[in-house]
Amino acid sequence: MKTVSPFAIVSLSPLTSADTQSGLSAEEVGLLRQVAGLMIPQSEAFGVPGADDPLIFADLLASLGRDLPAIREALSLIKQAQQSDAAALAAMLTSTRPDLCASLVSVITRCYYRDNRVMKSIGMAVRAPYPEGFSIEPNDLTLLDPVKARGRRYRLVADE
Amino acid sequence: MEPVDVLIIGAGASGAAVAWSLAETRMRILCLEQGDWVRQSEFPSHGRDWEERQYGDFSISPNRRGLPADYPIQEDDSPIKVANYNAVGGGTILYAAHFPRMHPSDFQVRTLDGVADDWPISYQTLEPYFELNDRMMGVASLAGDPAYPPKAAILPPLSMGKTGRLFGRAMNQLGWHWWPADAAIATQAYEGRAPCIHLGHCIAGCSQGAKASTDITYWPEALRQRVALRTRCRVREICTNKDGRATGVIYYDELGKEQFQAAEVVIMACNGIGTPRLLLNSTSSRFPHGLANSSGLVGKRLMFHPYALARGYFDEPLDGYRGSHIVAWSQEFYETDRSRDFVRGFTWQFGRGQGPVQTAMSGMAWGKIPWGEDHHAAFRRIFDRSAGMLAICEDLPELHNRVELDPVLKDAHGIPAPRIHYRLSENSKRMMAFAQTKAEEILVTAGARDIATESPLSYAGWHLMGTARMGKDPEESVVNPWGRAHDVKNLFIVDASVFVTSGGVNPTATIQAIALYIADQIKQRLTHLFDD
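Chains as they are written, first to last, in the working numbering: chain A, 1 to 160; chain B, 1 to 532.
Extracted from the complex, chain A is given alone in its bound form (with noise of 0.2 Å):
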């Protein structure tokens, strides 16, 4: 299990505008890019990167939003907790404190599987639904036979 100091500021590239437009201060970026990278590490099996890759964690700070002051107590709560292992980690939130890992894992997974790499890896088309759509396969209403051979299923009531 891959184990990082949260309290360690490493930096994976230089701090970009959009980190410091994040509304979060320089330590917060740090520890909330070793959180993604913790939630979702990169994997060479699946060939896939990170949550804490640049490009997607550029695009999660540039999306926090609404979602900015449960991060930052959520930070706060993680700095404080000092746990470095993942699931320690996901196990201490989900206990304490559930609605701010839902939001950490929201700000995270939102990003990271809208990601060109992540979605092809999943096996999805690499664009937004519309307007292209998506096909279902046609009904086969004889499956309905046993259903229509019961009969009534309604409580019949007195007229008015």
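None of these hints come from the bench; they were simulated from the model. If you're wondering where the values come from, they're calculated on a predicted model, not measured in any experiment. By construction, the Cβ of each residue, glycine as well, lies at the ideal position given by its N, Cα and C atoms. Please note that a few of the clues may not be correct.
Every beta carbon over 12 Å from chain A, so not counted as near; a handful from chain B, in silico [said to hold, decoys possible]:
#, residue
1, 65
2, 135
3, 339
4, 341
5, 531
Only pairs whose alpha carbons sit at most 27 Å apart, straight line, appear in this in silico DSSO-like list of lysine-lysine [said to hold, decoys possible]:
#, chain 1, residue 1, chain 2, residue 2
6, B, 429, A, 120
7, B, 472, B, 242
8, B, 523, B, 489
9, B, 368, B, 429
10, B, 151, A, 148
11, B, 151, B, 429
Following the hints, put chain B in place on chain A, whose structure we already have.
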């Protein structure tokens, strides 16, 4: 402001239907809506961030959205949180377009099951309005569902896909009812709307325009017939005169300026939270406890539909995020069965899988996907390989479940926010527990290798009912059997506030049928509308 004959408050499901229906009278009709028009081009499924935006501007929670059209809701004292949307189209912008009708038995719950009360109207009364509304909205269905009295199909049913096949076979094995679900979604070109292309993101607005929201169904026709609609206008209170008649409303216009709009008739279509909120905020010496509230029942008997979710994980790839949220339904356990430990029942809505973000989020919340190296393998074991069902459980009307005005929290215009007090009943808890047990049986029969369950769904306060209910007795109801307030002879309510019982189905079809029925009653009584 020129006075109008009819003022409608709210441009959602019921407001649109009543506006359209009354338009033929050629009365001067004005609708005030606190939200604005939405553009299909701005819906999330146009972009790569389509899942993210469902948690932002297109969240179902007004407290999460916090947009200018939204008002805050104090809901700390409720395990179920309110879902709504404030715009032309109202909740139909974000609903999934499930379109079941209530059943005949839903209107006689006291007579049949000894709980709740009977409605003063029947399924039979509403039947022609259900049919009319199905045509106006363009409902896709399959005729012959044995769970309902015979009804016509307007459009062919949605494709149920692999998910429908999976559940259909399981239900057949168990010998339980199931049927393609009725949906207010065009499955072929209909009245200028394009057919569904299975975007799979109906609950954040339909970019294709296939889903029937009232901004693209009723409103274009109502506007052509010279109904006026003013957006970004938030009503603060309904005013009355010394005779106890409504005289009009005070509202804030799009510039935030206070205005008075005079009207001969006022029709409320603000949903089961918004309507009692406005009534309670419309106090006077004659109505010190809120307008139309001599019964003390405005805001009381709030009903949600407690939802129980079960999701199965399978080895075979399924539909995933492709396709509408509507597949099939089951009403096997809809009607009361005295052998069970609860009364009334529920509908199951069978649904497909989830997009990648939702898969990751729910998977991690339910312990199916860990943090760390094993994330990737675990994700791939369940992505595109899940399907599930929601049990929509009938909620009994109870006086302690209620909407009040919050003493502190206010909206951007200083209007008190609604405050919700709600408790799940023992009947609801037992019903949900039963539904989950049976759901697991279905999922195992269907071949699920793993199952996740959750109930009640905290975010599922989609259906807001009962808070200004209809009835014959002014001491036991707020409006009469055709929607007119007992206390105020020119005030009508057409939204789900008037519901006496909730049924175990999505309410929109019944809401709109009632709105059309009330509109017809108004038209038939125009010459003596205010008589006792």
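Hints breached by this structure:
Of the numbered hints given earlier, those the structure breaks are 1, 6 and 11, listed in rising order.
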